[in-house]
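Protein chains in written order, with our numbering: chain A, 1 to 311; chain B, 1 to 311.
Heads up, some of the hints might be wrong.
What the hints assert, rightly or not - Calculated pairs, EDC-like style, for lysine to aspartate or glutamate (alpha carbon to alpha carbon, straight line, at most 20 Å): (1) B:K256 <-> A:D275; (2) B:K30 <-> B:E5; (3) B:K303 <-> A:E64; (4) B:K303 <-> A:E261; (5) A:K302 <-> B:D275; (6) A:K303 <-> B:E270; (7) A:K33 <-> A:E266.
To be verified - Pairwise CB distance ranges, derived in the manner of DEER restraints: (8) B:K225 <-> A:E184: 28 to 38 Å; (9) A:T243 <-> B:D195: 51 to 61 Å; (10) A:D37 <-> B:E184: 47 to 57 Å; (11) A:D250 <-> B:E270: 22 to 32 Å; (12) B:L212 <-> A:D216: 40 to 50 Å.
Because the hints were derived from the structure by calculation, they are not lab data. Where is the CB? At the ideal position from N, CA and C, for every residue including glycine.
Protein chains: 2
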Amino acid sequence: MKISELLPRLQQNDSLALAKAISLVENRRKDYKRLLDGIYPLPRTALKIGITGAPGSGKSSLIEKLIAGLREQGLNLAVLAVDPSSPLSGGALLGDRLRMIQHSNDPRVFIRSIANRGHLGGLSLSTHEIVDLLQASGKDVIIIETVGVGQSEVDIVNVADVVLMVINPDSGDEIQIFKAGIIEIADIFVVNKSDLAGADNKVAEIRNYFALSDRDPLVFPTSVKEDRGIRELLAGIRRFQETEAGRIRDKAARMKASYIEKIVIERVQEAMRLDPAAAALARGEGEGNPQRAAERILELLKKGGAHDKKN
Amino acid sequence: MKISELLPRLQQNDSLALAKAISLVENRRKDYKRLLDGIYPLPRTALKIGITGAPGSGKSSLIEKLIAGLREQGLNLAVLAVDPSSPLSGGALLGDRLRMIQHSNDPRVFIRSIANRGHLGGLSLSTHEIVDLLQASGKDVIIIETVGVGQSEVDIVNVADVVLMVINPDSGDEIQIFKAGIIEIADIFVVNKSDLAGADNKVAEIRNYFALSDRDPLVFPTSVKEDRGIRELLAGIRRFQETEAGRIRDKAARMKASYIEKIVIERVQEAMRLDPAAAALARGEGEGNPQRAAERILELLKKGGAHDKKN
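For reference, chain A alone in the conformation it holds in the complex (with noise of 0.2 Å):
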């Protein structure tokens, strides 16, 4: 499929047409650049709902309890499930994204498992561009997941407009939720097995959090076991939308932002890499203070050519 056929097709939503996009745009192939020139015009109006929270938290079950909920709305719906790479345990986390398997068969709802290879440690670049795509086909909501672990988690709220915090009654460690920078991230807390004693308590804990600070926030109890607290999560989802709509276009310019930056820094380093005497002072030789180094390195970038675009 040419380019020139991917596009049209990727907006009549055809999930070929878009997992092929995908794939072009994750591995790098060429014209990835040309294909994105093609989706940034498109108007682009999907939710994008972001959900966090540690693993064992049932995330991915609550996700296939929100896709039930939006499909009956009649919503055209994606979920992107991003997995943190890690050389030992990395892949192992990918399994329970099976489950959301019921929902497969359905053309209106694209499943995708992507792998964050990102080696500023957060989201990779593509993931950014994924979501874009997922913009362009058309979708009216798409759900970003991502495990609780490290900078991923934090680099969520770049790409979603509402992030959800999933946690459980029985998360006995209230440093873990808790923990500088996560918290500040989630728009709404998520007390999930709600069905589990200590739910109360938990919802509890999230208010006194806040209590001393400027916020109220949202904190919803869910049960996917006894179906309750679904239909009054995606209602506040959508309030929260509506009431905060200045906040997350704010946000979404913030992200915009963030994004460019990141494709300049990996520019950088990639001109690093390949002109031989940055990369020799980057290795630190011939020059001992790095701060020194470093303007040598910003030097030769200028002269060389390394920086030009390639296509």
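Based on these hints, arrange chain B on the given structure of chain A.
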């Protein structure tokens, strides 16, 4: 104190000069680069021990014991406590640092807390430079402590020769301990509070985790309360330093390279902010495709003077 006075006093292990030099570098004061020019040619032989672990795992009191043991060996020490900054919870974690105060009158134990303000999510650049200042002052051992939250924990590997991960017999959540990216950076596992029930199990659990890999983990049980295992741990660290000398050297080289790269990136980010046309493109103005916007920014930065060194 002038730079020319600061340098010789710093080399003579003058704590006042060292404190002043650190402030100069931390706050990016005038002439800090000239100070750095002076320190990089100096010999650096300190063993850098990184210590990480969840809040409450007893890192600080363990460090007190390590300090006492190292002082018995007549060594010259520095402890650098790195605080991850978080808008809501950051400052509070600093409190337990004060417990080390029993050594604070010892002129051979230099203790400093620094906030981590790195805007790439990891350790701030000045952390690397402060470690280099401590090295230049002729310390034999530098202990770098960080709290086990997010990227700063992973980044400690960039400044330490050997990374200790402190866990407890009762740290229930395996996921927390074995979470992606953290366990891989630890060279030595310390099961602290080994007077509590379950210490043997925890040691076995760690060995078990690595059973399928080709790595034989170093695990040391310690009890600050009962003063057990500290000597063995110190001996284990020395043994690691000897047997893994090659690996430590390779790591130091990678460390330096990543540090230089970080400086380059910070400069590029700064240049993007300072060049109005680049800043507009970075905000997504005038170019819808982020890939193309990044290319145009790079062209602007190559032409512009914003890359130029300032002092």
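Right, here's what the structure says about each hint:
1. Restraint check for B:K256 and A:D275: the C-alpha separation of about 18 Å stays at or below 20 Å, so the hint holds.
2. Straight-line distance between C-alpha atoms of B:K30 and B:E5 comes to about 15 Å, which keeps the hinted pair within the 20 Å bound.
3. For the hint linking B:K303 to A:E64, the alpha-carbon distance of about 51 Å lies beyond 20 Å, and the restraint is violated.
4. For the given pair, B:K303 sits about 18 Å from A:E261 by alpha-carbon distance, which is consistent with the 20 Å threshold.
5. Proximity of A:K302 to B:D275 is assessed by CA-CA distance (about 15 Å); at most 20 Å being required, the pair is judged to hold.
6. In summary, the hint linking A:K303 to B:E270 is supported, as the alpha carbons are separated by about 19 Å, within the 20 Å threshold.
7. Restraint check: the Cα-Cα separation between A:K33 and A:E266 comes to about 15 Å, which is no more than 20 Å; the hinted pair holds.
8. Our hint of 28 to 38 Å for B:K225 and A:E184 holds, since their Cβ atoms are close to 35 Å apart.
9. Distance hint check for A:T243 and B:D195: the Cβ-Cβ separation is about 53 Å, which falls inside the suggested range of 51 to 61 Å.
10. At roughly 39 Å, the beta carbons of A:D37 and B:E184 sit outside the given window of 47 to 57 Å.
11. Under the hint 22 to 32 Å, the C-beta atoms of A:D250 and B:E270, about 23 Å apart, fit the expected range.
12. In this structure, B:L212 and A:D216 meet the distance hint of 40 to 50 Å, their C-beta atoms being roughly 48 Å apart.
Violated hints for the displayed structure, listed by number in ascending order: 3, 10.
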